[in-house]
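Asks: Residue strings, one per chain:
Number of protein chains: 2
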Amino acid sequence: MPDHQRGSQISNRQHSLESQGQGFVAGVDIGGTSLRIALSDMTGKIVAEWSTSTADISDPHEIVRMIGSGVDTLLAKSGSSRAELRAIAAGAPGITDTDKGIVLATSYLMGWTDVPFRDLLEAEMGVPAFIDNDVNMAALGEHAAGIAQGVKNFVFLAIGTGVGAGIVLNGELFRGEGWIAGEVGYMLVPGASVAPVGDGQPGALEEIVGGEGIQAHWRSLWSENSATLPIDATATQIFDCALRHDPLARAVLGLASRTLAYAIYNISLMLNCPLFVLGGSVGLHPALGDATRAILLKQNERVQPQVVASSLGTKAQLTGAVCRALEVAKAPALIGKE
Amino acid sequence: MPDHQRGSQISNRQHSLESQGQGFVAGVDIGGTSLRIALSDMTGKIVAEWSTSTADISDPHEIVRMIGSGVDTLLAKSGSSRAELRAIAAGAPGITDTDKGIVLATSYLMGWTDVPFRDLLEAEMGVPAFIDNDVNMAALGEHAAGIAQGVKNFVFLAIGTGVGAGIVLNGELFRGEGWIAGEVGYMLVPGASVAPVGDGQPGALEEIVGGEGIQAHWRSLWSENSATLPIDATATQIFDCALRHDPLARAVLGLASRTLAYAIYNISLMLNCPLFVLGGSVGLHPALGDATRAILLKQNERVQPQVVASSLGTKAQLTGAVCRALEVAKAPALIGKE
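Protein sequences appear in the order of chains A and B.
If you use the working numbering, the first sequence corresponds to residues 1 to 338, in order.
If you use the working numbering, the second sequence corresponds to residues 1 to 338, in order.
Treat the hints loosely; a few may be bogus.
To be verified - Calculated pairs, BS3-like style, for lysine-lysine (alpha carbon to alpha carbon, straight line, at most 25 Å):
1. A/152 - B/152
2. B/330 - B/100
3. B/45 - B/77
4. A/330 - A/45
5. B/152 - B/330
6. A/298 - A/45
7. B/45 - B/298
8. A/100 - B/152
9. B/100 - A/152
Unchecked claim - Have a look at the derived ranges for each label pair, beta carbon to beta carbon:
10. B/99 - A/281: 33 to 43 Å
11. B/44 - A/46: 52 to 62 Å
12. B/228 - A/221: 26 to 36 Å
13. A/301 - B/212: 14 to 24 Å
14. B/57 - A/301: 25 to 35 Å
15. A/304 - B/251: 32 to 42 Å
16. B/286 - A/171: 34 to 44 Å
17. A/46 - B/171: 36 to 46 Å
18. A/105 - B/231: 49 to 59 Å
Everything labelled a hint here was simulated from the structure, so no lab data went into it.
We treat Cβ as the ideally placed atom computed from N, Cα and C, and that holds for glycine.
Let's have the full structure, built from the sequences with the hints guiding it.
Replies: In structure tokens:
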């Protein structure tokens with residue numbers, strides 16, 4: 001539906017609520033296996049949160065119904081109802097066309113292709129909606145209310161199972177020609193595999209810096225006699241162990257942080273970007289940040305980007321979604337056109 | 001001098017000329033050892049060109065005087081005089097603050113630091129001036145009148161002795177927080193040296209893909225019996241020889257093109273950039289473009305940026321400078337504020 005039509009359909013209720021400064025917005029974080037929702041008042045204050053598992057659920061219509069039910073629960077908890085909801089924004093784990101509100105593709109877990117998720121959300125909720133890639137949502141969260149507040153140029157690096165970047169240039173998210181800017185998980189740096197990458201395969205950088213790559217490196221070094229953690233330790237357990245000076249864990253941390261430092265250095269050269277915010281379960285670990293900073297310090301004295309942990313942590317995406325929903329509530333027809 | 005003052009000082013003559021659609025602009029390409037000037041009419045048609053050597057001359061005042069004398073020569077050749085010059089724009093081989101018109105730093109050849117070159121040019125020429133980095137000027141040239149005409153997102157890669165990038169995002173040059181976006185000559189890719197880089201040293205990528213790096217690789221493989229070119233062959237001679245299937249030359253081309261392909265791939269991932277334009281004496285060689293494209297084809301079927309040679313060739317910078325001078329002549333106070 002063209003934006004001017006969407007605008008007119010939702011405008012009456014919006015205007016009467018807005019004139020009173022009343023109402024709520026909802027921010028949604030759609031993960032691979034979980035769904036989180038935050039309800040905020042119009043000042044951006046979170047008044048209630050809700051989450052549920054989406055394991056084995058991938059149908060977008062079902063996800064939208066779950067969001068509707070979650071928002072209703074939160075509104076009821078706040079002594080309110082759908083009539084007071086003014087906008088909703090969601091971060092989805094996939095390539096997203098924010099102009100058209102379409103999730104173009106997600107990973108195998110969800111298996112979405114060309115899902116008009118904004119329209120589905122608007123139909124379910126009866127308010128203007130906005131949808132974006134989840135890493136971009138997290139970058140927006142850090143920009144609006146986190147450690148990158150007011151920073152004109154920065155890169156948010158989400159490091160979990162995979163590695164992705166949300167890029168803010170001149171104060172705005174840069175999404176690229178085909179909505180896939182920030183696909184740094186495939187970056188080729190010294191030590192990374194240069195083997196051709198097939199569809200659905202992890203990228204060369206992810207294979208070293210991502211959670212599964214870190215676990216695989218640990219397993220390759222592991223032996224019963226030398227290891228202080230089991231063979232199936234998680235990336236964060238391994239990094240914890242590295243902080244206790246375990247040699248095997250330090251070797252794993254060493255490779256991951258060196259490789260991450262190379263990637264940050266390359267991005268910094270390209271974009272002249274002074275700040276990198278690390279997020280995601282692996283990226284938030286202090287051992288990784290410390291080791292990465294130490295390597296960058298030595299690489300090139302002229303290129304010294306600041307590398308910090310996300311201050312919003314696991315709430316970066318949800319915060320970004322709430323911020324975007326507030327923007328949508330205030331100017332429903334302007335969003336997504338940046 | 002603040003822009004509104006600059007604007008008012010030059011406005012009278014500008015307006016009377018502009019109302020008649022008459023006059024000329026000059027584009028200047030300041031190289032490490034040469035100076036080239038093109039005089040254009042107000043439709044962008046080059047009416048005369050001039051060049052001279054600047055070997056052993058690095059004083060910016062002297063360079064500005066040479067530019068003045070060159071422009072006068074061209075104006076006289078066109079049966080005109082300084083009174084009909086309306087604007088001038090120059091590309092300088094260094095980091096340039098386009099807002100303030102200051103060349104912040106150049107390579108050791110020129111040795112400039114914080115040179116207010118725009119003010120010097122305006123004082124000498126008596127017309128509004130604009131100054132930018134030379135690679136950015138070349139990118140602008142390709143965008144305005146070359147192979148990237150109308151392309152919203154592309155990267156111009158200048159490969160000569162060194163390697164640098166001019167980045168156009170959403171139709172505008174992206175210069176970065178400290179005016180040094182596009183410093184890709186230092187990029188760390190597989191096979192590149194990860195040794196720390198000191199001030200003034202060539203970057204890891206330049207050491208392989210730049211002209212001197214290519215010559216050094218040739219020298220390292222050279223022996224009197226096996227080589228069909230002398231030990232001091234240039235990069236373009238070596239690439240010519242590779243086209244004739246010389247094994248040594250092909251090995252040198254192979255490493256350079258593989259490394260360039262990795263760099264292009266990395267930039268493309270980051271910026272979701274569909275077009276790369278190769279320029280500079282080394283970058284323009286067809287053997288490098290062909291070999292690089294062949295490697296990219298195999299790397300990742302989802303990431304397939306187009307790689308083409310600059311259509312303006314050695315005139316890309318001069319063309320960009322003329323385009324910018326035309327913009328300045330039409331809206332002197334607006335330029336450099338993008």
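Asks: Run every hint past the structure and note whether it holds.
Replies: Here is what the structure says about each hint:
Distance restraint check for residue 152 of chain A and residue 152 of chain B: the Cα-Cα separation of roughly 21 Å lies within the 25 Å cut-off, and the hinted pair is therefore satisfied. With a CA separation close to 19 Å, the supplied pair residue 330 of chain B and residue 100 of chain B stays within the 25 Å bound. Distance hint between residue 45 of chain B and residue 77 of chain B is fulfilled; the C-alpha atoms sit about 15 Å from each other, no more than 25 Å. Restraint check for residue 330 of chain A and residue 45 of chain A: satisfied, since their Cα atoms lie roughly 16 Å apart, inside the 25 Å limit.
Between the alpha carbons of residue 152 of chain B and residue 330 of chain B the distance comes to roughly 23 Å, so the proposed pair stays at or under 25 Å and holds. Distance restraint check for residue 298 of chain A and residue 45 of chain A: the Cα-Cα separation of roughly 42 Å exceeds the 25 Å cut-off, and the hinted pair is therefore not satisfied. Note on residue 45 of chain B and residue 298 of chain B: the hinted pairing is violated, with a Cα-Cα distance of about 42 Å set against a maximum of 25 Å. Among the hinted pairs, residue 100 of chain A with residue 152 of chain B is consistent with the structure: their alpha-carbon atoms are about 19 Å apart, no more than 25 Å.
Between residue 100 of chain B and residue 152 of chain A the CA atoms are separated by roughly 19 Å; this keeps the pair inside 25 Å, and the hint holds. Distance hint check: the CB atoms of residue 99 of chain B and residue 281 of chain A are about 41 Å apart, consistent with the given range 33 to 43 Å. The beta-carbon spacing between residue 44 of chain B and residue 46 of chain A, approximately 56 Å, falls within the hinted interval of 52 to 62 Å. Remark: the range hint 26 to 36 Å for residue 228 of chain B to residue 221 of chain A is contradicted by a beta-carbon distance near 48 Å.
In this structure the hint that residue 301 of chain A and residue 212 of chain B lie 14 to 24 Å apart at CB holds, the actual value being about 22 Å. Checked against the hint of 25 to 35 Å, the C-beta distance between residue 57 of chain B and residue 301 of chain A comes to roughly 30 Å, which is consistent with it. For the pair residue 304 of chain A and residue 251 of chain B, the supplied restraint of 32 to 42 Å holds, since their beta-carbon distance comes to about 36 Å. Here the CB-CB span from residue 286 of chain B to residue 171 of chain A is close to 41 Å, well matched to the stated 34 to 44 Å.
For residue 46 of chain A paired with residue 171 of chain B, a C-beta distance near 38 Å keeps the hint of 36 to 46 Å intact. Look at residue 105 of chain A against residue 231 of chain B: about 52 Å separates their beta carbons, and that is inside 49 to 59 Å.
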